[in-house]
Structure formats: structure tokens, C-alpha cells
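Please take these sequences and the hints and turn them into a complete structure.
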Amino acid sequence: MKCPRCVQRIHRMARQCPHCGFSIADVDRVFGEDDVRLGVLTDAAGVLRKKERVALLRILRNFESTFPQLFFGIYFGTFRELPSLRQFGFWLLNRGAFEDVDVSRPNEAGILLSVDVGEKSAGITYGYSLQPFLDDEATFKAVSAAHPYFLQGQWMKASEVVIRKISKTLGRQARRARRDPAAFQESPEKAEETGKMPERIRAGHRRSQRKTQA
Amino acid sequence: MRKGLFILLSLVLPEGALTGQDSLRPPGATSGSARGAETEGRAKDPEEKAAELEKVRKSRLPALPVWSPSDYEKVKRGEIVAGQNFFAPVPVDPDATIEPPVEELPEPVEESPQPEEDETAISAEHMVEYFREIPRDGRGESIFLSDPQDLLSQQEFRDRESFLHYHSSESDIDMFVYLFDQRQEFPVDTDIQAVYQGLFTKHGPVALVFYHLGAPDRSQFFLSSDIRAVISQDEQDRALRAAVQEAFEKSDVAYQLDNFLVELSIRLYWIERELKAATATREAHRLESKIRVIPAPVGNEEDNLRLVGRAVLLAFCVILVGLSGWTGWLWLQHRRKYRFPEVECGPLLGAPYAAGVGAVISFSNAHLPPSRQRDQVPDYLERM
Chain A
0 MKCPRCVQRI
10 HRMARQCPHC
20 GFSIADVDRV
30 FGEDDVRLGV
40 LTDAAGVLRK
50 KERVALLRIL
60 RNFESTFPQL
70 FFGIYFGTFR
80 ELPSLRQFGF
90 WLLNRGAFED
100 VDVSRPNEAG
110 ILLSVDVGEK
120 SAGITYGYSL
130 QPFLDDEATF
140 KAVSAAHPYF
150 LQGQWMKASE
160 VVIRKISKTL
170 GRQARRARRD
180 PAAFQESPEK
190 AEETGKMPER
200 IRAGHRRSQR
210 KTQA
Chain B
0 MRKGLFILLS
10 LVLPEGALTG
20 QDSLRPPGAT
30 SGSARGAETE
40 GRAKDPEEKA
50 AELEKVRKSR
60 LPALPVWSPS
70 DYEKVKRGEI
80 VAGQNFFAPV
90 PVDPDATIEP
100 PVEELPEPVE
110 ESPQPEEDET
120 AISAEHMVEY
130 FREIPRDGRG
140 ESIFLSDPQD
150 LLSQQEFRDR
160 ESFLHYHSSE
170 SDIDMFVYLF
180 DQRQEFPVDT
190 DIQAVYQGLF
200 TKHGPVALVF
210 YHLGAPDRSQ
220 FFLSSDIRAV
230 ISQDEQDRAL
240 RAAVQEAFEK
250 SDVAYQLDNF
260 LVELSIRLYW
270 IERELKAATA
280 TREAHRLESK
290 IRVIPAPVGN
300 EEDNLRLVGR
310 AVLLAFCVIL
320 VGLSGWTGWL
330 WLQHRRKYRF
340 PEVECGPLLG
350 APYAAGVGAV
360 ISFSNAHLPP
370 SRQRDQVPDY
380 LERM
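Note that the protein sequences, when read in sequence, are chains A and B.
All residue numbers for the first sequence refer to numbering that gives the first Met the number 0, where the first residue is 0 and numbers rise by one.
All residue numbers for the second sequence refer to numbering that gives the first Met the number 0, where the first residue is 0 and numbers rise by one.
Hints in this document: simulated from the structure, not taken from any laboratory.
Hints are not guaranteed to be accurate.
Stated by the list, open to error - Here are the simulated DMTMM-like pairs of lysine to aspartate or glutamate, each with C-alpha atoms no more than 25 angstroms apart in a straight line:
id, chain 1, residue 1, chain 2, residue 2
1, A, Lys167, B, Glu184
2, A, Lys1, B, Glu116
3, A, Lys156, B, Asp374
4, A, Lys1, A, Asp99
5, A, Lys1, B, Glu132
6, B, Lys57, B, Asp70
7, A, Lys167, A, Glu118
8, A, Lys167, B, Glu343
9, A, Lys164, B, Asp374
10, A, Lys1, B, Glu343
11, B, Lys201, B, Glu155
12, B, Lys249, B, Glu184
13, A, Lys119, B, Glu343
14, A, Lys164, B, Glu341
15, A, Lys167, B, Glu341
16, B, Lys336, A, Asp179
17, B, Lys336, A, Asp134
As the list claims (entries may be wrong) - Computed footprint of chain B on chain A, listed as stretches where at least three residues anywhere in the stretch have a Cβ under 8 angstroms from a Cβ of chain B:
id, segment
18, 13-23
19, 96-103
Stated by the list, open to error - Covered by chain A, per the in silico footprint, the following chain B stretches (three or more residues, Cβ under 8 angstroms):
id, segment
20, 263-269
21, 355-366
We put the CB at the ideal spot given by N, CA and C, even for glycine.
Structure (C-alpha cells):
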């Protein structure tokens with residue numbers, strides 16, 4: 000798990016980044032703390048033709064058909080004033096209300112591809128339900144495969160490639176999870192211990208200080 | 000300088016000329032050490048003189064210069080200083096004439112007219128040597144190169160003969176070559192076909208060549224009758240033309256013959272193969288004519304058609320089943336649903352739904368790979 004702002008590894012259950020103190024409140028102050036209504040395919044930058052939009056929507060529906068618990072959202076925008084695409088994706092997946100997605104698929108099960116058409120960058124954000132099944136490397140491979148199409152401005156083709164690559168990874172992970180579900184389950188005790196780790200570290204520091212004073 | 004001049008004069012002048020009057024020899028003293036003679040102050044015996052003369056003659060040295068009696072007297076009187084006129088110009092008498100030596104010219108020899116050799120004729124003796132019989136060596140083996148006129152040197156002859164032997168050992172068609180000079184013509188009653196008829200009819204497959212050294216284009220080529228029955232005249236002409244063409248690649252007559260023989264040997268190899276193929280075909284035809292033709296049973300064609308129809312139908316069914324299976328597999332893949340187990344993952348960074356931040360890449364530079372354009376820089380270092 001990485002912090003959207005400082006890209007440092009953070010432990011699970013951390014309420015804020017131990018390195019930079021980042022939390023969702025920081026992005027709420029920038030983008031707003033109210034929910035934003037949008038569809039799974041939002042072309043705020045206006046880069047898709049109608050045919051492309053239709054085709055891309057069909058691809059997104061197929062994804063939902065293949066993965067009945069998940070949904071895939073795509074956002075094309077231009078963030079000239081706000082160049083932090085990573086934080087924007089993090090904020091949008093938490094504050095976005097996807098109108099054309101069934102209520103049985105919460106944002107926790109969502110994957111969002113954010114594309115900054117103006118600054119020419121693309122990033123992926125995913126919900127808690129997909130934490131054990133996706134990682135930084137898998138998402139990098141997906142957007143890398145679409146890199147030539149992004150370079151040429153073929154937004155639909157690039158999105159299609161990203162979806163296909165993510166689908167492959169998820170399908171493989173789903174098969175593995177079916178064979179060995181325990182490998183992907185989080186142990187509550189472990190999680191609790193992980194959450195209390197800062198307190199334990201601080202306690203250890205206090206004990207060592209007492210020993211030094213004695 | 001003075002020393003050098005002295006040495007030069009001592010080499011050139013008569014002995015004693017530079018040393019004074021006492022070293023001068025009187026007239027009549029023709030050899031020996033003049034100074035020694037003078038210092039001894041005695042006259043030599045005639046025997047001694049004769050001995051000295053003999054000694055000088057044997058040594059083959061030029062005789063020493065001798066003063067004439069009048070000059071000798073003048074020298075004695077001091078009228079002549081020895082060596083005084085050494086560097087003076089030689090007096091030349093302008094009126095003097097030199098009489099050329101009278102030589103007797105030899106009498107012109109009358110050349111008897113030689114009969115002109117006819118370069119185009121081949122002597123009767125040579126003709127007999129050529130075509131008396133198939134030439135054989137001492138062991139009774141055939142000699143494939145005939146050169147009774149010794150047009151080639153022995154070494155050249157041996158080389159070409161050994162090549163023809165090699166050809167004979169490798170090929171079924173022996174090649175006999177008769178060498179003639181460049182402009183030689185055959186007698187009217189002699190031609191290559193007649194030679195074949197006279198000598199080689201019982202030899203088996205053979206190729207006869209009349210080769211004119213220096214004029215390969217005058218060569219004649221003749222194959223035995225069993226070969227000519229299969230190989231067309233055009234092909235024979237082509238073989239000869241190719242050999243002649245190869246021969247003209249060289250300028251030396253011996254090398255021309257080399258090229259000619261090698262090319263002709265190659266052509267004979269192909270002719271031999273064609274001959275064998277023709278023989279095999281003829282044999283096959285002969286066997287075929289002996290085989291009794293069995294009539295095919297009536298209705299066999301219909302059965303065959305039925306079998307072919309079944310085979311085509313079976314193949315079509317197999318292809319159809321394969322295509323159906325492939326389509327079904329694709330459809331199943333399309334319809335396949337993947338489900339994930341429920342995972343407990345608490346809120347992180349205060350986010351209610353998602354905190355999974357994946358990769359962010361830039362695609363502003365077409366020359367850099369995605370890995371070099373991966374955004375890993377903390378955002379607080381950027382403008383926010």
C-alpha cells in the first residue's frame with residue numbers, strides 16, 4: 000500500500016500517512032468533500048467520438064459481466080491547475096457516485112482509470128475489495144501495454160488495452176483465490192497488530208529512554 | 000698533392016724516369032730491373048738476357064718501353080728531360096692519312112634453293128602412324144592421344160594422355176584424340192567417319208576427335224553409332240561448340256587442348272547419362288509390353304467415387320466439429336464469470352472506499368519507454 004501523495008509505503012489501517020500525514024481530508028479540501036455524480040465513462044476532456052464512447056461502454060459492460068462483483072470506470076480530464084493525478088484518482092473513487100453502476104457494486108469494488116489528457120499522464124486507482132488482487136506492478140503493466148496508444152492519442156484503444164490487461168490479471172487472481180482462498184484473506188489479529196504497530200514502536204522508545212535515564 | 004702526382008707519374012712513366020739519369024736503361028735493355036743493372040755496373044750475359052726475355056714472355060707482361068739510341072744520347076746530354084712533355088698535347092699531323100686495313104671479303108656463298116615445306120600436308124608416313132591401328136602401349140593398353148608428329152612436348156603429351164586415361168576409367172565412352180597441326184589438311188580419302196569405320200566399330204562406345212593444335216575450331220568430333228542412335232546431331236554439335244569455346248579461353252595451344260578435352264569430357268558425361276536414361280526407358284517399355292493387361296472390374300469407379308465422397312464428408316464433419324468446439328470455447332471464455340472472495344480491509348487514510356493507488360505513467364515522450372516515464376515522485380514536491 001502506498002500513500003497517494005508521497006508514494007511511500009504505509010501500513011494497513013493507517014489513518015494518515017506516517018511519512019507525510021496525508022489523509023482524505025487533504026484532498027477533500029482541494030476537490031471538495033461532497034459526492035460527485037458521474038458515469039463509468041466520463042469524457043470531461045471531450046476526446047472520444049460517439050462511436051468510441053459506445054464501443055468503450057460495451058467493453059465496460061463486458062467487464063462487469065465477466066466480473067459480477069466489480070466495475071471499471073474511466074475518466075478523461077484535463078487537470079492543468081491540479082497536476083496530482085494520483086490524488087485525484089484516490090479522491091474520485093472515494094467521492095464519486097457512479098450513477099450507471101448497480102448498487103451491488105460499491106466503490107470498494109471499483110477500478111478507476113484516470114487520464115489527464117492535457118498533462119499526458121494516466122493512472123489507476125482501485126477499491127479495498129481489490130487490495131489483495133491488484134498491486135502497483137500489475138497496474139503498471141496494464142498502463143504500459145497501452146502506452147503506445149496513449150502516445151498516439153488513441154484513447155479508446157488505450158482504454159481497451161488497459162481493461163484487457165487488468166481483466167487477465169484479475170481472472171488469474173480469481174482462479175488462484177478459488178483454489179486457495181486463505182492466501183488472500185487478511186488475518187484480523189494480524190491486521191490489529193499491524194494497526195497497533197506505531198503504539199508499540201513508541202512504547203519501545205519510551206522503555207529505552209527510561210533505561211537510559213536509570 | 001706533390002706526393003699524389005709522383006705516384007701517378009711512377010705508374011705511367013718508364014721505370015727510372017722519375018728517379019734520375021742513373022735509373023734510365025740504355026737501349027737494348029728490354030727487361031729486368033734497370034736500376035739493378037746499372038748499380039751492378041756490369042753487362043749482362045746473353046744467356047741472362049735470354050732468360051729474362053723468356054721470363055717476361057712467360058709472365059705475359061707488356062714489354063717495357065725502350066729509349067731509341069738518339070733519344071738516349073739526348074737524355075744523357077740533358078737535351079731531353081724525361082716526363083717534360085707528358086701533359087703536353089699530342090702532336091697531330093694534319094696531313095697524315097690513315098689507310099684503312101684492307102680486308103678480303105669472303106666470296107658470297109650461293110644458296111641452293113630449298114624445297115618449300117607444305118604446312119598443310121601430312122606426310123604419308125605420319126598418316127600410316129596415325130591410322131594404322133588403335134595405338135597401344137607396351138602393356139597392350141590403348142593410348143588415347145595420337146601425336147606421331149610430336150606436336151606436343153613429351154611432358155605435355157603425358158599430361159593430356161593421363162587425363163584421357165582418367166576419363167576412360169570414369170566414363171563408358173572412351174575418347175580418342177588425334178592431334179594435327181594448325182593448317183594441316185587431310186587427304187581426300189581420309190575422314191573421321193572412315194577412321195571410325197576402319198578402327199573403332201568393335202570398340203564399343205567411343206568418341207573420336209581430330210584436333211588441330213592452335214585451331215580448335217577446325218576440330219572434328221564423331222560418336223560411335225550406338226550413341227548417335229540416341230543422341231541427336233544437334234546435341235553433338237553443341238558439345239563440340241562448347242569445347243571449342245572453352246579452348247579459345249586460353250592463348251597457349253597446349254592449354255587450349257586442356258580446356259577442350261575437359262569440356263568435352265563433361266559433355267560426354269551428360270551424353271552418357273542421357274544414354275543410360277534412354278536405355279532404361281527402352282527396357283521399361285520392353286517389360287511393359289510383356290505385362291498382361293488385367294481388365295478392371297466393372298463398377299470399381301463408382302465405388303471409388305463413393306469412397307471419395309465419404310472421405311470429403313468425413314473431413315467436412317471434422318472441420319465443422321473443430322470450428323464448433325473452438326467457437327464454443329470462445330463463448331465459454333466470454334461468458335465465464337470470475338468471483339472473488341470477500342476480503343476484510345479496513346479504512347485507510349480515512350478513505351471510505353478506496354486507497355489502492357496504482358501506477359501512474361506519463362506519455363509525453365515517445366522516445367522513452369514507459370518504465371522511464373513512471374511517476375514515482377511525491378506530489379508534495381510538485382505544484383498542487
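Hint-by-hint comparison with the structure:
Proximity of A:Lys167 to B:Glu184 is assessed by CA-CA distance (about 94 angstroms); at most 25 angstroms being required, the pair is judged violated. Only pairs whose Cα atoms come within 25 angstroms are accepted, and A:Lys1 paired with B:Glu116 is rejected, the gap being roughly 115 angstroms. With a C-alpha separation of about 22 angstroms, the suggested pairing of A:Lys156 with B:Asp374 holds against the 25 angstroms cut-off. Restraint check for A:Lys1 and A:Asp99: the C-alpha separation of about 29 angstroms exceeds 25 angstroms, so the hint is violated.
Between the alpha carbons of A:Lys1 and B:Glu132 the distance comes to roughly 109 angstroms, so the proposed pair goes past 25 angstroms and is violated. A hinted pair counts as satisfied when its Cα atoms are at most 25 angstroms apart, and B:Lys57 with B:Asp70 does not qualify at roughly 29 angstroms. Between the alpha carbons of A:Lys167 and A:Glu118 the distance comes to roughly 28 angstroms, so the proposed pair goes past 25 angstroms and is violated. With a C-alpha separation of about 23 angstroms, the suggested pairing of A:Lys167 with B:Glu343 holds against the 25 angstroms cut-off.
Between the alpha carbons of A:Lys164 and B:Asp374 the distance comes to roughly 20 angstroms, so the proposed pair stays at or under 25 angstroms and holds. As the CA atoms of A:Lys1 and B:Glu343 are separated by approximately 18 angstroms, the hinted pair is consistent with the 25 angstroms bound. Under the criterion of a C-alpha separation no larger than 25 angstroms, the hint pairing B:Lys201 with B:Glu155 is inconsistent with the structure, at around 30 angstroms. For the proposed pair B:Lys249 and B:Glu184, the alpha carbon gap of about 24 angstroms is at most 25 angstroms, so the pair holds.
Proximity of A:Lys119 to B:Glu343 is assessed by CA-CA distance (about 35 angstroms); at most 25 angstroms being required, the pair is judged violated. In summary, the hint linking A:Lys164 to B:Glu341 is supported, as the alpha carbons are separated by about 23 angstroms, within the 25 angstroms threshold. Our distance criterion of 25 angstroms between C-alpha atoms is met by A:Lys167 and B:Glu341, whose separation comes to about 20 angstroms. Proposed proximity of B:Lys336 and A:Asp179 is supported: the alpha carbons are some 18 angstroms apart, at most 25 angstroms.
Of the pairs offered as hints, the one joining B:Lys336 and A:Asp134 holds, with about 21 angstroms between alpha carbons and a cut-off of 25 angstroms not exceeded. Remark: the segment 13-23 of chain A is confirmed as covered by chain B, as 8 of its residues place a Cβ nearer than 8 angstroms to a Cβ of that chain, reaching the required three. With a threshold of 8 angstroms between beta carbons, the proposed coverage of the segment 96-103 of chain A by chain B is violated, since 0 of its residues qualify and at least three are required. Residue count for the segment 263-269 of chain B with a Cβ under 8 angstroms from a Cβ of chain A: 0. That is fewer than the three needed, and the coverage hint is violated.
With 10 residues carrying a beta carbon less than 8 angstroms from a beta carbon of chain A, the segment 355-366 of chain B meets the three-residue requirement, and the given coverage holds.
Against the hints set out earlier in the document, violations occur for numbers 1, 2, 4, 5, 6, 7, 11, 13, 19, 20.
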